[in-house]
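Going down the list, the sequences are from chains A and B. No gaps in the numbering here: position 616 of the first sequence is 616 in our numbering, and each next residue is one more. No gaps in the numbering here: position 123 of the second sequence is 123 in our numbering, and each next residue is one more.
Simulated from the structure, these hints should not be mistaken for lab results. Quick reminder that beta carbons are idealized off the backbone N, C-alpha and C, glycines included. Some hints could be false.
To be verified - Facing chain A, a subset of chain B residues (Cβ under 7 Å, in silico):
| id | residue |
| --- | --- |
| 1 | Ser2 |
| 2 | Phe21 |
| 3 | Ser85 |
| 4 | His87 |
| 5 | Leu94 |
| 6 | Leu100 |
| 7 | Tyr101 |
| 8 | Leu141 |
| 9 | Leu144 |
| 10 | Ala151 |
| 11 | Trp153 |
| 12 | Leu164 |
| 13 | Cys166 |
| 14 | Ser169 |
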Amino acid sequence: MTDLWSFLLQTLTASGVAALLLAVKAMFWDKLSPRWQFGIWGVLALVLLLPAGWGGRYVLANWPMWVEALKSALTGQFGTLTRVIAPVPLPQLVQPRTAADWLYLLYLAGAVALLARYLISYARLRRALKRGRPGQNERVRAVAERYGLPACPAVEVDGLPTAFVCGVLRPVLALPAGRETDEKVILHELLHLKYKDVLWGWLIALLRCLHWCNPLLWLCADRAGNDLEALCDQRVLERLEGEDRRDYGRILLSMADEKYARAPGTSSAANGGKNIARRIQAIARFKRYPAGMALASVCVALVLAFPLVIGAQAEGVGKWGVQNTTVVMASARTTYCTTYAGAFDTYAKALLTGDISYRAMCAPLSEQNELAQAAGGYQHQRDTRWLWNQAGDVRSYPSTQEGYRIYNLTPTVDGGWEGLLVLPLEYLPNDDVEWVGWDSTTYSRWLAVQTLRAEREGDRWVVIPQEKLHAVPGDQRREGNLGLPSRVYEAQCGDWLVRAQWQTAAAVNSQAQNSPGFWYTTSFDLIPKPHAQFDEGYADHQFLATYTGAPDKKSSYTSVGFSVKSIYKEGYQEPESIDVGLNGGSNIRWDTYGDRILEGDWEDMVSLSGSSIDWSADGAYLAPEAYQVFCYLNGILEAELTLLPVEGGEWIEP
Amino acid sequence: MSPERETLYTGLSHAAWGYFFLNFDVNFGTVSVIPRFVGFLLLLSAIGKLSGERRDLALLRPLGWLLAGWSGLDWLLSWGGGGVSGHILFLDLLVSAARLYFEFQLLTDLAAIAETYQPEGSDLDRRIRRHRTEDMVLVTLLSLLVFLPQAEWRDWLVLALAVLVCVVSLMIMWNLFQLRRCFREEAA
């Protein structure tokens, strides 16, 4: 915790869990054992010791969003994101300037003061015990031996109302001077010693210091302390029989009116009248729980602990039918993209819908203020063209039902990803263009394209456009769209230039079912999926041969064919000898082969064959280093070629 | 059959059918035709009829009403395509914990009744306890799996566990009907 907001996030997250545990304990107070009643506080301890909001997760309620909304509402700033680095307060090394800074300083001072108070009272107690006289050690040892428990030195101290164990490393059993302490009280204290309950006491005290201004957590700390005593009572009763059990109850009753001063680092059977009344009720319910109850207790604890510790990830931006910009933008900022695919998907859907909050999910923090300002200027964010106009100068609309694709996804050296966003357009992009007729490589549609880079910003994946959105002719629905950039490999084979073109296209599966029940329709889901992986698309390669020889030699060729194998970085793969048939084809290892009969007045460029694999294949986005090609002319093997990337393997515009 | 035995017989019938309503589901559109709240009402009826035999059962009544109310509200809202589950995690967790304990304790008490009334040499009580434990572990695992990352293997595991829960529920029903038969046979 480094500022007021991170403390608020941590303490609110814990408060939700505390409220749930108090409700569950109220439900099970007479049903589950004292072991469970104390043990379940471990869930709260875990939540308190884990940084709230880790990995973009929240517990029970979307606290990160509400803290962000409050912060933005009070400060007018949208460009920061509250993070809890550690569950303990860390001092600010800068001069406090805002009210929030001063409040955090006050919190810090309170935590330090309370911790100092605890340490001083513990030190005083240890000094008082040093002045005590060794006493009743024989009785303590006898009780320890009888019940098989560890013992520790006992001292008698004047003015003590009751016995207690003090210390963790060098524990001492403090006994009231001038009277013989009952053996059952000694048994109680030795059981505290055996189970190191003083350590739990210290942990509770430490958590009190961290959340000293949260009354709900103080209540839980009190309850946990009492549950620890009730658990110790249970352990005592398990070792006693008949009349001794009733005696133990009477001893507790006699302590109800005694004064008690609880210092951290100590454990005592006496802990106040109200608490003792609760413990006596627990004793009255004492029973050996049925076989299997331990397992039932563990199961109930697991069902609660898993969601409370792991938490949930915000899946979408909260709209709640209201257009409160501060809350919506806070929701967008905290529903951040945890995968690069999720970031590309979110950016694409922001452009498709024009929803500024979607862009905020995947925009760098430095752009959040500008986005919030823009969002605040529109009453209905979904109607705005602001994002689209900001992205480029394409005047047409994107087709929302045809979705998007990211072409030629490539990892960058700094751990990011780059790709070309492609959105089909509804109409002509500008007045000065015309529909382009179908010519087998470029299709009669227009696309809006933009090169994007996804990179990490802390835990978030953000998208940074690398160029303005612009329009190109093409049709993104066709696989192997050669109207869009592809990686080109070439080699010469006699009079022929053999060329391979490699291209990938990826998208997050966004099919939505529109109506539940037996009948439903599907459509493109425009809600971003910030945690998704790419699971749709393909990787494709096409092979072409272009005649480069003299025109008079053209008639000497009757067929051109090949068999080809992709070569990857990790190892050279020897091509198998494949008989070239009249029909093209490919096998499952990406190997492909094809043959074209050349008849009549054939074009110089001959399309040989191509093949695609689904995006689901491992490493589908990895471009081959080269292609190994067996080139056949007129049905005879002419050459064994290696097709290498041209232009240094860069993506080449068509 | 004496009135007391008749009551126990009916109570066990209600308990067995209650388990059927609790663990099996057939939907017509979004509405269940085997609503869960009916299962809880049947179990509450069983508790009323069997608590004379096992006093601890009466302690389960508040939890039973809570669960019946919650699932009844869920069923009512399902007519409009909605529901109460899955919206407020706080309440979902409270109900999950209550249901886990409720079913565990109910079967523990039914096993105790079996221990008293089963014919000599029968291990009906042990079988009920064993299925109770299996049911509890399976339901717990199912609850935990939801919080693991989405994956195909997780979906298959959920399906396998759900099938096992159905099988165990059928076994529990079968054993409760067996226990019910003890009263009819003794009366005969």
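Hints versus structure:
1. Interface hint at Ser2/B: violated, since its Cβ lies 29 Å from the closest Cβ of chain A, which is beyond the 7 Å cut-off.
2. Because the smallest distance between the Cβ of Phe21/B and any Cβ of chain A comes to about 22 Å, over 7 Å, the interface hint for this residue is violated.
3. Taken as an interface hint, Ser85/B does not check out: its beta carbon lies about 14 Å from the nearest beta carbon of chain A, beyond 7 Å.
4. Residue-level restraint check for His87/B is violated (minimum Cβ-Cβ distance to chain A is 12 Å; threshold 7 Å).
5. For Leu94/B, the shortest C-beta to C-beta distance to chain A is roughly 6 Å, which falls under 7 Å, so the interface hint holds.
6. With its C-beta approaching chain A no nearer than about 5 Å, Leu100/B sits inside the 7 Å limit, and its interface hint holds.
7. Among the interface hints, the one on Tyr101/B holds; its C-beta lies about 6 Å from the nearest C-beta in chain A, closer than the 7 Å criterion.
8. Of the supplied interface hints, the one on Leu141/B is violated, with its beta-carbon coming no nearer than about 9 Å to a beta-carbon of chain A, more than 7 Å.
9. Hint on Leu144/B holds. Least Cβ distance to chain A is approximately 5 Å, under the 7 Å limit.
10. The interface hint given for Ala151/B is broken, as the beta carbon of that residue sits about 11 Å from the closest beta carbon of chain A, more than 7 Å.
11. Restraint check, Trp153/B versus chain A: the minimum CB separation of about 15 Å is more than 7 Å; hint violated.
12. Against a cut-off of 7 Å between C-beta atoms, the interface hint on Leu164/B is violated, since the closest Cβ of chain A lies about 16 Å away.
13. For Cys166/B, the shortest C-beta to C-beta distance to chain A is roughly 19 Å, which exceeds 7 Å, and the interface hint is violated.
14. Taken as an interface hint, Ser169/B does not check out: its beta carbon lies about 17 Å from the nearest beta carbon of chain A, beyond 7 Å.
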